[in-house]
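Q: The listed protein sequences correspond, in order, to chains F and P.
Our numbering applies: residue 1216 is where the first sequence begins, and numbers increase by one.
Our numbering applies: residue 1216 is where the second sequence begins, and numbers increase by one.
Treat the hints as calculated values from the structure; they're not laboratory data.
Hints may be right or wrong, so weigh each one.
Repeated chains share a single entry, so a pair holds when one copy, or any two copies, can fit it.
DSSO-like mimics (lysine-lysine), calculated; alpha carbons at most 30 Å apart, straight line [to be verified]:
| # | residue 1 | residue 2 |
| --- | --- | --- |
| 1 | K1331 | K1287 |
| 2 | K1263 | K1433 |
| 3 | K1331 | K1413 |
| 4 | K1727 | K1452 |
| 5 | K1287 | K1452 |
Number of protein chains: 2
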Amino acid sequence: MHIEHIERMESPQTTMLKQEQMTTSDFTRSDTRISELLNYLQEIEDLKALGDLADWDQNTAMPNGATAIRGKQMATLRGLLHERWASPQLGNMLVALCDDVQQNAFTDADRGLVRKAQREYEQGTKLPRSLVEEMTRTGFDSFEAWRRARKQNDFATFAPWLKRTVSLQREVADLLGYTETRYDALLDNYEPGLTASKVDALFAPVRDISKNMLQRIKASGNTIDDTCLQGDFSTEKQLSLSEKILRAMGYDFDRGQLAQSPHPFTTSFGSPFDVRVTTRIDNHLLQPALMASIHEGGHALYEQGSSATLVRTPIAGGASMGAHESQSRMWENAIGRSLPFWQSHFALVQETFPAEFAQVDPTTFARALNKVQLNDSLIRVEADEVTYNLHIIIRFELEKMLVNGDVAVESLPRLWNEKYQEYLGVTPPTDADGVMQDMHWTFGFGYFPTYTLGNLYGAQILHKLYTVFPDFDEKLAQGNTAFVHDWMREHMYSVGAIYLPETLIERITGEKPNSRYFEQYLTSKFETLYNLPR
Amino acid sequence: MHIEHIERMESPQTTMLKQEQMTTSDFTRSDTRISELLNYLQEIEDLKALGDLADWDQNTAMPNGATAIRGKQMATLRGLLHERWASPQLGNMLVALCDDVQQNAFTDADRGLVRKAQREYEQGTKLPRSLVEEMTRTGFDSFEAWRRARKQNDFATFAPWLKRTVSLQREVADLLGYTETRYDALLDNYEPGLTASKVDALFAPVRDISKNMLQRIKASGNTIDDTCLQGDFSTEKQLSLSEKILRAMGYDFDRGQLAQSPHPFTTSFGSPFDVRVTTRIDNHLLQPALMASIHEGGHALYEQGSSATLVRTPIAGGASMGAHESQSRMWENAIGRSLPFWQSHFALVQETFPAEFAQVDPTTFARALNKVQLNDSLIRVEADEVTYNLHIIIRFELEKMLVNGDVAVESLPRLWNEKYQEYLGVTPPTDADGVMQDMHWTFGFGYFPTYTLGNLYGAQILHKLYTVFPDFDEKLAQGNTAFVHDWMREHMYSVGAIYLPETLIERITGEKPNSRYFEQYLTSKFETLYNLPR
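Using the sequences and the hints given, assemble the complete structure.
A: What follows is the structure, encoded as structure tokens:
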């Protein structure tokens, strides 16, 4: 608008893209069709990044009065992106390339790029723009209805919106197509290649081990004291602690930033060069900000580790929601709640809050971070590692039924409460704290399973890390996190979304995704923590 | 990327667009061609707003490592916008509408919209995308060269870039076309309808009065003491003071935000709903942050006052650079450096810095803000009101010569120094503090005159305000700023860029833009401040 603004717009590009030596993530740019496709996709990614930036702004800075205008701006951008993904021009580029790219002359990166582009093109052409727009509108309205209904604990007023979402999601699934069940089409949206039957097989043992572990801990009568996490913690100091911990994990602030938001999240506007995280602050509890920062830090390391050769393509960054969650939850739970990590990093807590933690030792602190909610695990986002997956499994079971048409929306509250009693031994006192506790069902289905999938992937990767580094705990206790970060970057982060998640996990661990390592991890960790008879 | 992110994306639109009762700023939406044009332009504005947001982010939050990738994203967006402005689809929409819109059935808003669209379309079609891209690239490189050259006080290494810019700007001017001189085509870019001969006529008396006033003050031997503005002022408290003053001016934080940046600026992502300002902090001087905040606040009131009916159109917000500068400088200088304003608002300074200002009174404070640099007005951005326009006039004279081909780039440093000696009685000790002090010439010419033009417009509007409100000073001294803000909104801010700046000033003040009121303002203000013999 005036000169100072222009001045900054013209500021120079001083940072050069780092060239890496990774053949798997190099594109065959000498091939005209690959370079043409790259040019086309880079523009899409540039525009998408500006939209993601607007989301970040909406959550960290945007004034309230801008909500409506921002909604319109985002609708325009989404419409434009849909148009580009569905364009005949893209279709023509892909028609022969889809087969040809399988030849040896092409790289894994080429194949990943073409696969991803083909997938987006198909989705774009299968879903008409009008349906995409209606889903966006319904999502906004449903969210608003859910918020009001939850506040007034009145499921009946939310039910019509939920019915509409079920109906739209069924329409989407039918348009996208599926082999086994309609629900598969939605799952595939978040975790490419995933089906309900695969999830069933993976989740069954998780359900059993979780219920069993909960029973064993209850039966033992042993408890964990977490009072050391309570106190009076200023926002400024909590942010400072989060920053220190993020640095300790290897998060690069020269390509990132930490901000505050009501719901913590990670976002990227061009991985690996601009990856930002937020945390939320509770001034009376240390755990929420600390664990949210480590969780988001895990997401962020993944994005910051993406090879620079993949920048501005749709295969930069994470391979899937599940793959992403594997890293956030591995860093949060397996590292960020471990005794070795706090043996070396508890000093950061003490130096930030000297008065509060002078009398606390790392063991007490790390134990407190792992307290299991034995009879009151009611809210998913506050759940411990033992009960967390049961929350997910309940949702998975219910939304399968909804999408496949096996259950009426009206009976959801009853079914929800029955399952909570069965799996977690607790009956929600209200629907607000029961069936309406999450906002996910305001926009669709198929997302929840990726959380538990992330836990399984994470444990499987962790096991591999322990195999590669038999002195994993010792290194961690010495304050070393770089060995994890480096290994993960080399074997997982750098290849972005070149591979489908199932292939990726197999490449990293040598095995297809399975639940064994999570079962072992959970059993071993909580037997020790709660001193259970074995 | 993961659910928390999606959750926020789906947040509801709670703010409704406020409908105003202003016929001049209503579009004839019932006319198919107008509504079609609006639809087309709204998409452009939505995309532009996302780009402006990215600029804001770049200046207030973006990590350094993201510079290169952000450059690419912005290039993509600018290319897309250029394409849309130059599209035959837009041309077809406008072809008959340009004439038809002059009929009585249409409103001033319709006419403003079509005029602006036609102008952008013409510019878009006249300037090939390759030239726009080359200008962007050269701008980046030239900026980098200027920064290095300035640091090393080495004009010779900047000269080739400046030559390239002169050459490109001449090419642009020739493509855009002009009636009198080539320079007019560039002026018109920033101030539609302006020509060098109009500027000559407006600036001649300003040059004389400024030089004369400077001589009179020097001759009087009177001085102003500004030591009360020096001290130790924390960033946090300065930001808090800026916020209080912005609120006092009527800046709406529900549709805005204050942030920090190296160079203060105002920006809007959809006026009047999201208008943000930044300020810069000097921890040893109070004046920079305070006056920058009021200056940017003036820009922001203008944008926030734009009628809601104009939202998402290219005629929302300011009419021109000069019109904008009239408001920033009117609020900064005529109000923000006035005794009446500080009589009612000095308490805010005292409550923020009780120790530093306990012994200072409003008169001393307001006087200090107006100190004239009698023998050392070397740097434009630090100049007082008496010398400021002389800095601008020097630049105007030099860039006219450059663009019209009357002078070689090599002789610029000599000419610059001669003019500084002649107008301001000072010879720059180095080219870094002389001909290379501003970055403007790294991207082009024609911008500088709008600063002084803003001062003239501002004084002319201020005179009108004093006519409408004979008790202007008394109201201000009572802490009332709303009467200014309300009147300005009604007569200027709300109509956005519906009218060309010259027409707008005439509508507001009843007279064509002229320099008389500025001459009166400057004479009267500084005769009083410096107690000059009359």
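Q: With identical chains, the pair K1331 and K1287 could be close in the same copy or across copies; at 30 Å between alpha carbons, which is it: within, between, both, or neither?
A: both (28 Å within a copy, 22 Å between copies)
Q: As a check of your reading, is K1331 near K1413 (CA-CA no more than 30 Å) within one copy, between copies, both or neither?
A: within (22 Å within a copy, 58 Å between copies)
Q: 30 Å Cα cut-off: does K1727 pair with K1452 within a copy, between copies, both or neither?
A: neither (43 Å within a copy, 58 Å between copies)
Q: Between K1263 and K1433, at a C-alpha cutoff of 30 Å, which is it: within one copy, between copies, both, or neither?
A: neither (49 Å within a copy, 59 Å between copies)
Q: How would you classify K1287 and K1452 at a CA-CA limit of 30 Å: within, between, both, or neither?
A: neither (37 Å within a copy, 36 Å between copies)
Consistency with the previously given hints fails for numbers 2, 4 and 5, ordered from lowest to highest.
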